[in-house]
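Residue numbers (our numbering), protein chains in the order written: chain Y, 1 to 355; chain B, 1 to 355; chain G, 1 to 355; chain X, 1 to 355.
No wet-lab data here; the hints were simulated from the structure.
Every value quoted in this text rests on a predicted model; they were computed, and no experiment measured them.
Mixed in with the good hints there might be a few duds.
Because identical chains share one entry, a pair is satisfied inside a single copy or across any pair of copies.
Once the Cα atoms are required to be at most 27 Å apart in a straight line, the calculated DSSO-like pairs of lysine-lysine come out as [claimed, not checked]:
#1 294 to 210
#2 294 to 267
#3 178 to 294
#4 178 to 189
#5 178 to 210
#6 210 to 44
#7 205 to 44
Number of protein chains: 4
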Amino acid sequence: MIRTVKTAVVGVTGYAGAELARLLLRHPRLKNDPPVFAGRVDEKDAARGGVPLAEIHPSLADSKGSGTLRLQPFSWDLFTDLEVDILFLATPHEQSRTWVPEALARGIRVIDLSGAWRLNEAVNREVYAFEDEGSAQAASIQAEAVYGMPELHRAEIAGARIVANPGCYATSIILPLKPLVQAGLVDLKHGIVADSKSGVSGAGKAPSAKTHFMYAADNLSAYGVFGHRHTGELLEQIGIDSSDIIFTPHLLPIPRGILSTVYVHFKETQTRASLAHVYHAFFAGSPMVRLYEKTLPQIQHSVHTHYADIGFQLAADGRRAVIVSCLDNLLKGASGQAVQNMNVMQGWGEAEGLE
Amino acid sequence: MIRTVKTAVVGVTGYAGAELARLLLRHPRLKNDPPVFAGRVDEKDAARGGVPLAEIHPSLADSKGSGTLRLQPFSWDLFTDLEVDILFLATPHEQSRTWVPEALARGIRVIDLSGAWRLNEAVNREVYAFEDEGSAQAASIQAEAVYGMPELHRAEIAGARIVANPGCYATSIILPLKPLVQAGLVDLKHGIVADSKSGVSGAGKAPSAKTHFMYAADNLSAYGVFGHRHTGELLEQIGIDSSDIIFTPHLLPIPRGILSTVYVHFKETQTRASLAHVYHAFFAGSPMVRLYEKTLPQIQHSVHTHYADIGFQLAADGRRAVIVSCLDNLLKGASGQAVQNMNVMQGWGEAEGLE
Amino acid sequence: MIRTVKTAVVGVTGYAGAELARLLLRHPRLKNDPPVFAGRVDEKDAARGGVPLAEIHPSLADSKGSGTLRLQPFSWDLFTDLEVDILFLATPHEQSRTWVPEALARGIRVIDLSGAWRLNEAVNREVYAFEDEGSAQAASIQAEAVYGMPELHRAEIAGARIVANPGCYATSIILPLKPLVQAGLVDLKHGIVADSKSGVSGAGKAPSAKTHFMYAADNLSAYGVFGHRHTGELLEQIGIDSSDIIFTPHLLPIPRGILSTVYVHFKETQTRASLAHVYHAFFAGSPMVRLYEKTLPQIQHSVHTHYADIGFQLAADGRRAVIVSCLDNLLKGASGQAVQNMNVMQGWGEAEGLE
Amino acid sequence: MIRTVKTAVVGVTGYAGAELARLLLRHPRLKNDPPVFAGRVDEKDAARGGVPLAEIHPSLADSKGSGTLRLQPFSWDLFTDLEVDILFLATPHEQSRTWVPEALARGIRVIDLSGAWRLNEAVNREVYAFEDEGSAQAASIQAEAVYGMPELHRAEIAGARIVANPGCYATSIILPLKPLVQAGLVDLKHGIVADSKSGVSGAGKAPSAKTHFMYAADNLSAYGVFGHRHTGELLEQIGIDSSDIIFTPHLLPIPRGILSTVYVHFKETQTRASLAHVYHAFFAGSPMVRLYEKTLPQIQHSVHTHYADIGFQLAADGRRAVIVSCLDNLLKGASGQAVQNMNVMQGWGEAEGLE
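Make a model of the complete structure from these sequences and hints.
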């Protein structure tokens, strides 16, 4: 078999990293060329060639034990030596800000799962307080970075050197809204509401008061009201102002999955068919979106899949709709979409390895 | 101790009934006069004097066993013989429609937990398709029935013969909205959104596909979009039209608790203080509402309490707010509110037995 | 590609059936020859060629909709016409008792996921009260049926016409115990304890009081004490008497997964190495068993995998051990093991389609 | 009303502390004399008279806000000034080791919820590695401390200065086993198995990898095999050796509740009646134990109650039994039992404030 592409993953210890490892390891195009996993490794583990992946994520083990795949000590030389083509960064955004320039300089294409390079407008980047904000290098990379949602930017992703993989909440709101807003149907004066609910894996692996089982279980709480970091993304991608939408995330007592309930008013009376037509036209070439005809999506039907599910109910007056979108925040909301981007970047089938 | 009031409960086998039993059994005014529990009892159980309550709800047992308190076979003569003053109906609405007239005819005051007598307008009652709709008797009782939310109708409840205990979702939406709408602050043209999430006990005890653990667990689903039964209640009580609000209930993977996220636009710019003033004024004499000053309520802080919790975040523009309300659907959303109504009807402290 | 094998599934509407469909649809050997799904279909659905599989299990849909794969009306002629080689029965045991003879008569090999054909001894079959118990035909098929656990009966399965796929609890107890008992290490006089805990999917899809979310959630309960149906299986397969073991199942508040905690006393002092040696020797050629060297298995590491995980702790005295086994009750405990059996029957790699 | 008793609580910020606060605040004997809450308070909070309790535990708030009850800065003088009679310590065991001597010296009786003073035998205390182990003072207090399980030590508790409140797991195992072992029925040669399962609140409030929602949810794991800290307690209190029992705790994906499944062999054949007789005789004067006659206890029936529930199934051979006990780890397993001990120490009704 000829060599296709060499991948590397930094940040495999987190939840999105584990899913990314699973996906890349069974991707049909990468079967004979598993990814390199690199990260912080202490001396003792470095001495034994790194930490077996199965020690980090026991569910990734096979019955032969875990000898071959290891988390190796990170170094740029490692990537150069192994001729890495595509680097997945499942790292905090501060780290992505510093590493992406280095990777690009070495000719490595990057799919960055953090929020480091998603935002075009300075006002929206304020929430991240990037240290290199305003530098020429950062501005240049920012200008080059493509927002990694193939349903919106397929062509640019294909040729991109740096792809900014979308946020999970943002994905669940942009996909149901973009087609309607772009078609000019939505009456923005009324204000859109996006009421989102996410499982706990979205909060990351670091133990905290809010990820404690006793906080999350048997509970529901709203947070980040009028101030969640994903807001900038969805404004820029949908093409609306902050006064046009209220986005409220909630923490669900489940491990994974996002459901967003989106409320819109229309400028003119719509029918079920007119809206379905807009959605079908918009997502015609998009294999990772499932449109529901009669029922509404539920979290359990999208979790452990790579799809974004979209369905809606229209009010009897034809002027208002409740749109429900669901996805797995670790898959279409993170690692699955990252692999989808890789497929587009490589010219492979967009859904390869995602079924 | 002198005799105070004799209570009876029909429908103790359900979730709200179990909570009602617990509350009445430990109510300080009823200590020496426990309620009568009546319902359907088969012959074998009737022969032993009814079913011990502790067999129906093991958590209600004490260490002495369960001998004294029993679910007795229902009969009107039983209530007459025991001189029942107040009858709690935790029964399906069809049953409440037929039983309330009989109870009133016998001079028994009723607190009805079903939806049978909550609605004033015929158009809103259509969703229930009552068999006696349009009869003179039904119309007369309907006209007399008081919506059992002391925060809105304290004086009428005090003298009422028939109190229609509110729905759980409705309670969670009316309480945060009524003060603002009544004060004329809300710009209804924008449309209110009430995005509600409820635990599974709200769906009742009958096993069904939707109450199966495998359906509800690790899931979230919207249902009854543009058509939930509680809509009529909240329109009438808040005093708005169906075009003014979208109410969407969701099924949460938790046993109990409701959180409603309510989105409003204001006619004029508000401040945190101006809104807090309206709420504090409205709920000044209401012991079962807790207003949050800085943070937002969460389900876990209201569950197993009798409070409705209300908090809000105001947008920087002062023109939009996200209001969050939480309550225990079996307590302030059902049995706790029923006891609160009994307290008001009897002239007792409104919070007695609810702390 | 040449034709390999035609499969059919009856019982796809249940939880194990859904997993079986998923596995067969992505099995590398069946890619161009998807299984036939047959079952009870009403007239209206029959008229449209059966029920789209994606309507039954929305998570099985792809973005193209659900047109091609359908649940067709069951008929033996359908299977004959399509030249079905292997029939999977995910049906109640009564149905399997009647259908297996017919299938065998038509030359179709059967993998039966029910308890119909697992038991050799009449005394153990009493719990099922089979209607055809004692008939010559039943006795003949019973004698021929192979218990479908490749780790124990690989060779017989390869040539079998009828494979009785093991119960989920039984699998989780036989696999950790058989190697030790067969090696003569276990002191049966002390009595083995198998304390098992299973997720709710093990109780099936029919709504009941015990599968109600309010019963299972935030709860744990023991059931079937000294009388669970899987007891006969594990006695026969391990080769012990009912007085040698106590098996207690518990209902866990999780969707899927089984953990069995097994307690044994040894005749002679053991070391960690001596026990590990026995396990490694026994499972040397078994790709679907993962042996834990240092830690103990947990449900979350085995769920959504096809492995049975086994680990143990030895007491300081070397005479007692706590063995923990974990598996996904719908995969290694049902459908995954069924596919594993198909692989063995066809002479394919035992783990094909299970990674 | 005459002054009855002044209580103080240190450690109110934890889960057991919150329950303790709730119980003491509504205890009928303490209505006019609420407990003092003391602990670590920073300067800013000290300046405002301490942290309002309702800020720490919002569910403890009433609608009047949270002004009156506060967590005050800890000082011994505070307790002396307020003439504290009984001090509850819901603190880590190291802290209890140092504070109990001081409290006793000041004439304050202590109910200590930690493991600091529960163990009589040095070998069992090794697991705690107390710094003052071997000192005369520690030995003296150790000798004086009474194990706070009224069902076993009612008389000693009544007169005790220092009561060591039992561990939650230990309570769930001692109560079902002590009556049978004391009656000489249990054949210890076979070995007892105690397979225990606990909700996550038992692991405390500090965020950690194991209390992360993603670790605990949808999971079950055994831990502390052959080495859990509660083992010493149960050996001493039941009166058996470590070779007589295997105790295995498991982490359940629920907030609260413990279920222990206990397996025993009998020296001679027993009947259901003979065992029931032993239990009823043992717990005759114990209001906080509920004996199940026909069914087995479940966690959901004991949670939010102050009872320990016990039921059993006897094997057909009359020689083996599975005993199931359930309790709420924060109530009968911690704070409820602490209040029960206070009641006994004060000569009040043992169940006062616990119904």
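Hint-by-hint comparison with the structure:
| no. | hint | result |
| --- | --- | --- |
| 1 | 294 to 210 | between (37 Å within a copy, 18 Å between copies) |
| 2 | 294 to 267 | within (24 Å within a copy, 37 Å between copies) |
| 3 | 178 to 294 | within (21 Å within a copy, 34 Å between copies) |
| 4 | 178 to 189 | both (17 Å within a copy, 24 Å between copies) |
| 5 | 178 to 210 | neither (32 Å within a copy, 32 Å between copies) |
| 6 | 210 to 44 | between (33 Å within a copy, 24 Å between copies) |
| 7 | 205 to 44 | within (24 Å within a copy, 32 Å between copies) |
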